[in-house]
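J.: Taken in order, these protein sequences are the chains called A and B. Each residue of the first sequence is one higher than the last, beginning at 1 in this note's numbering. Each residue of the second sequence is one higher than the last, beginning at 165 in this note's numbering.
If you're looking for bench data, these hints aren't it; they were derived computationally from the structure. Since this is a predicted model, take the numbers as computed values, not measurements. It cannot be assumed that every hint is accurate.
Below, simulated DSS-like cross-link-like pairs (lysine-lysine); rule was C-alpha separation at most 25 Å, straight line [what the hints assert, rightly or not]: (1) A:K11 / A:K148; (2) A:K11 / B:K347; (3) B:K229 / A:K88; (4) B:K229 / B:K288; (5) A:K88 / B:K347; (6) A:K148 / A:K88; (7) B:K347 / A:K148; (8) B:K347 / B:K229; (9) B:K297 / B:K280; (10) A:K88 / A:K11.
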Amino acid sequence: MDSAAFWSVLKSRGLNFFSGVPDSTFGEAYNFMVRDPEIRYVPAVREDVALGVASAAYFAGGLGGVIMQNSGIGNIVNPLTSFSLMYKIPVLLVVGWRGYGGPPNDAPEHWIMGVKTPEIFDLLEVPYQIMEPVSLESDLDVLLARIKNESVPGAFIVRSGMIS
Amino acid sequence: MIDRYRAIQAVLERVDPDDLVLSTTGMISREVFVTNDRPGNFYMLGSMGLLSSFGLGLALQFPDKRVFILEGDGSALMSLGTLPLIATESPTNLFHVILDNEAYESTGAQPSISSKVDLDEIAKSSGYPQVAKAEDLETLEAALSDCDNNFGPHLILVKAGIAPIEGIPRIPYPPTEIRDRFKNQVLQGGTGA
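Could you put together the complete structure from these sequences and hints?
T.: Structure representation (structure tokens):
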């Protein structure tokens, strides 16, 4: 699906405050977001910093978003456990899935996290959905409902080539 | 050197009811709690290093509120990259106080590297428009007064002594209560961006 359609769906759910670290999985969609005047984007220096910034949206009655590559999951395990999950401060993680399928897909630095990405969210009991373009809206709504009802962080995992 | 609890008192005496006060994990939150517990305080119980980015997010979401960040040298060093991010985003309503005792006092006063690092100089080169360094109470009071007369983001580096308060209590509230009373305070009279 194209970038405009993807962001249109997210914005229609009130998601307009994002922070993150770029990932090529999103391709042009990341640049689209940065340029979009309807989205306030804070270019974080690390994924945990992005989580700290984005979580503030909850206190204004909204939901913030962190956009990141899955290699950054390691940087957010501490704030996910001792901030987001402990205080029950919800946030949406939009995670690019590098190394999907494991070796020999993608570059070597993505092989291990590529395999472990869903397992880490399972271990932390962070709900997630893997994006499928045909069911983007319903998948996202299922995830957003869990995030809201349980007041927890949730991850929307995006594979390479899903957004152009 | 200023005793840290005296520095915390001096900052909190300047805080208005609508202001948001964020304090980092360990002794700083406990000293803020015993000095002036209020719903607009967010006690960061864990997640060392996260406070400044959370404060940045709040300052952007609530441009009409003053946001005070009280963290230690260890916390600031852990998230050093947040300093230039704050300066780049440049929320004028952000007051960043680093209580620098050159030690990880909460875990037994192990030395930090801040005895050899000028965090105020790092803040200046990061682009903070207002940076002050206070080694005594008079300078701290003057720096806090300057904050009232100039646009932020402000950074005040306080060189603090190691002076633990005997028998200081832990924060008694469950995390979700800290969250809820803070959220209620934030939404009172404030407008989200």
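J.: A separate judgement is required for each hint: does it hold in the structure or not?
T.: Status of the hints after comparison with the structure:
Annotation: proposed proximity of K11 (chain A) to K148 (chain A) holds, straight-line Cα distance about 16 Å (limit 25 Å). Among the hinted pairs, K11 (chain A) with K347 (chain B) is consistent with the structure: their alpha-carbon atoms are about 23 Å apart, no more than 25 Å. For the hint linking K229 (chain B) to K88 (chain A), the alpha-carbon distance of about 23 Å falls within 25 Å, and the restraint holds. For the suggested pair K229 (chain B) and K288 (chain B), the alpha carbons sit about 24 Å apart, so the restraint of at most 25 Å is met.
For a cut-off of 25 Å, the pair hint linking K88 (chain A) to K347 (chain B) stands: about 12 Å separates their Cα positions. For the hint linking K148 (chain A) to K88 (chain A), the alpha-carbon distance of about 10 Å falls within 25 Å, and the restraint holds. For a cut-off of 25 Å, the pair hint linking K347 (chain B) to K148 (chain A) stands: about 16 Å separates their Cα positions. Note on K347 (chain B) and K229 (chain B): the hinted pairing holds, with a Cα-Cα distance of about 13 Å set against a maximum of 25 Å.
Among the hinted pairs, K297 (chain B) with K280 (chain B) is consistent with the structure: their alpha-carbon atoms are about 15 Å apart, no more than 25 Å. Taking the CA atoms of K88 (chain A) and K11 (chain A), the gap is near 23 Å; set against the 25 Å cutoff, the hint holds.
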